Amino acid sequence: SAVISQKPSRDICQRGTSLTIQCQVDSQVTMMFWYRQQPGQSLTLIATANQGSEATYESGFVIDKFPISRPNLTFSTLTVSNMSPEDSSIYLCSVGDLYNEQFFGPGTRLTVL
Amino acid sequence: GNSVTQMEGPVTLSEEAFLTINCTYTATGYPSLFWYVQYPGEGLQLLLKATKADDKGSNKGFEATYRKETTSFHLEKGSVQVSDSAVYFCALSDLGNYGQNFVFGPGTRLSVLP
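Top to bottom, those sequences are chains A and B. Each residue of the first sequence is one higher than the last, beginning at 1 in the working numbering. Each residue of the second sequence is one higher than the last, beginning at 1001 in the working numbering.
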């Protein structure tokens, strides 16, 4: 199994600002995923990030709002841009392979005022 | 498209009671099925999984059997503890046209009272 860390663990931000969330894995992985979990809700996939290519975004999510970097096989960042209170959520990164389970980071709890 | 449906919560039980959380799925292929658990303030942890029909996943006293004929993967535990209080997510993984397709159910919150 992979061990995943995220920074920051939580943050409180003002509307209109941006926050970059870091995800670090203890081993090299091909596929990394970013999810959003709104209060009391299930997980929604934002995008899939593969090293060496642009992220693939799910319907309803765009690169201008959620730019993602994947500079190597152990690291990725997600930026939440021009934030509004509706962006208040837990953001989780995960890693996994085809037909295998996904391993999740502890999440970043974001509150936008 | 693929989807996962879970019984609505919250579910409140007394300690040592029997637990069942229903999960049914819709998938175009032959998915792998998972149960994840999220304890308060934490990320998701894999609880158990099954990769083909009739497989039984088990962990920490929890069990679930992959039933292709009923497209179900119900979670059971014979005797719950207060420490089992958490949100439980059923999920499937399938190969779609554009790669891995991982879908989560809405989650079921379990509260176990002493």
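Mixed in with the good hints there might be a few duds.
Simulated pairs of lysine to any residue, SDA-like, Cα-Cα distance not exceeding 25 Å [unchecked claim]:
1) A:LYS7 x B:PRO1040
2) B:LYS1060 x A:LYS7
3) A:LYS7 x B:TYR1039
4) B:LYS1060 x B:GLY1001
5) A:LYS7 x B:LYS1068
6) B:LYS1068 x A:ASN100
7) A:LYS7 x B:VAL1011
8) B:LYS1052 x B:VAL1011
9) B:LYS1052 x A:MET31
10) B:LYS1052 x A:GLY96
11) B:LYS1077 x A:LYS7
12) B:LYS1052 x A:LYS7
13) A:LYS7 x B:LYS1056
14) B:LYS1077 x A:SER42
15) B:LYS1056 x A:SER1
16) B:LYS1077 x B:LEU1046
17) B:LYS1077 x A:PHE103
18) A:LYS65 x A:ASN50
19) A:LYS65 x A:ALA2
Example chain A residues on the side facing chain B (calculated, C-beta under 7 Å, incomplete) [said to hold, decoys possible]:
20) PHE104
21) PRO106
22) GLY107
23) LEU110
I should point out that these hints are in silico values taken from the structure, not numbers from a laboratory. If you're wondering where the values come from, they're calculated on a predicted model, not measured in any experiment. Built from N, CA and C at the ideal position, the CB exists for glycine as well.
Right, here's what the structure says about each hint:
For the given pair, A:LYS7 sits about 19 Å from B:PRO1040 by alpha-carbon distance, which is consistent with the 25 Å threshold. Between B:LYS1060 and A:LYS7 the alpha-carbon distance is near 30 Å, which puts this suggested pair outside the 25 Å criterion. Proposed proximity of A:LYS7 and B:TYR1039 is supported: the alpha carbons are some 19 Å apart, at most 25 Å. With a C-alpha separation of about 32 Å, the suggested pair B:LYS1060 and B:GLY1001 falls outside the 25 Å cut-off, and the hint is violated.
Distance restraint check for A:LYS7 and B:LYS1068: the Cα-Cα separation of roughly 40 Å exceeds the 25 Å cut-off, and the hinted pair is therefore not satisfied. Distance hint between B:LYS1068 and A:ASN100 is fulfilled; the C-alpha atoms sit about 19 Å from each other, no more than 25 Å. With a CA separation close to 33 Å, the supplied pair A:LYS7 and B:VAL1011 exceeds the 25 Å bound. As the CA atoms of B:LYS1052 and B:VAL1011 are separated by approximately 28 Å, the hinted pair breaks the 25 Å bound.
For the hint pairing B:LYS1052 with A:MET31, the CA-to-CA distance comes to about 23 Å; that is within 25 Å, so the pair holds. Proposed proximity of B:LYS1052 and A:GLY96 is supported: the alpha carbons are some 18 Å apart, at most 25 Å. Restraint check for B:LYS1077 and A:LYS7: not satisfied, since their Cα atoms lie roughly 35 Å apart, outside the 25 Å limit. A hinted pair counts as satisfied when its Cα atoms are at most 25 Å apart, and B:LYS1052 with A:LYS7 does not qualify at roughly 36 Å.
A C-alpha spacing of about 36 Å is found between A:LYS7 and B:LYS1056, which places the hinted pair above 25 Å, so the restraint is violated. The suggested pairing of B:LYS1077 with A:SER42 holds, with an alpha-carbon distance near 22 Å, which does not exceed 25 Å. For a cut-off of 25 Å, the pair hint linking B:LYS1056 to A:SER1 stands: about 20 Å separates their Cα positions. Simply put, B:LYS1077 and B:LEU1046 have alpha-carbon atoms about 16 Å apart, close enough for the 25 Å limit, and the pair holds.
With a C-alpha separation of about 23 Å, the suggested pair B:LYS1077 and A:PHE103 falls inside the 25 Å cut-off, and the hint holds. Taking the CA atoms of A:LYS65 and A:ASN50, the gap is near 19 Å; set against the 25 Å cutoff, the hint holds. For the hint pairing A:LYS65 with A:ALA2, the CA-to-CA distance comes to about 28 Å; that exceeds 25 Å, so the pair is violated. Against a cut-off of 7 Å between C-beta atoms, the interface hint on A:PHE104 holds, since the closest Cβ of chain B lies about 4 Å away.
Hint on A:PRO106 holds. Least Cβ distance to chain B is approximately 4 Å, under the 7 Å limit. Given the 7 Å rule on beta carbons, the hint for A:GLY107 holds: about 5 Å separates it from the nearest Cβ of chain B. Hint status for A:LEU110: violated, given a least beta-carbon distance of 14 Å to chain B, over 7 Å.
Hint check: violations occur at hints 2, 4, 5, 7, 8, 11, 12, 13, 19, 23; the rest are consistent with the structure.
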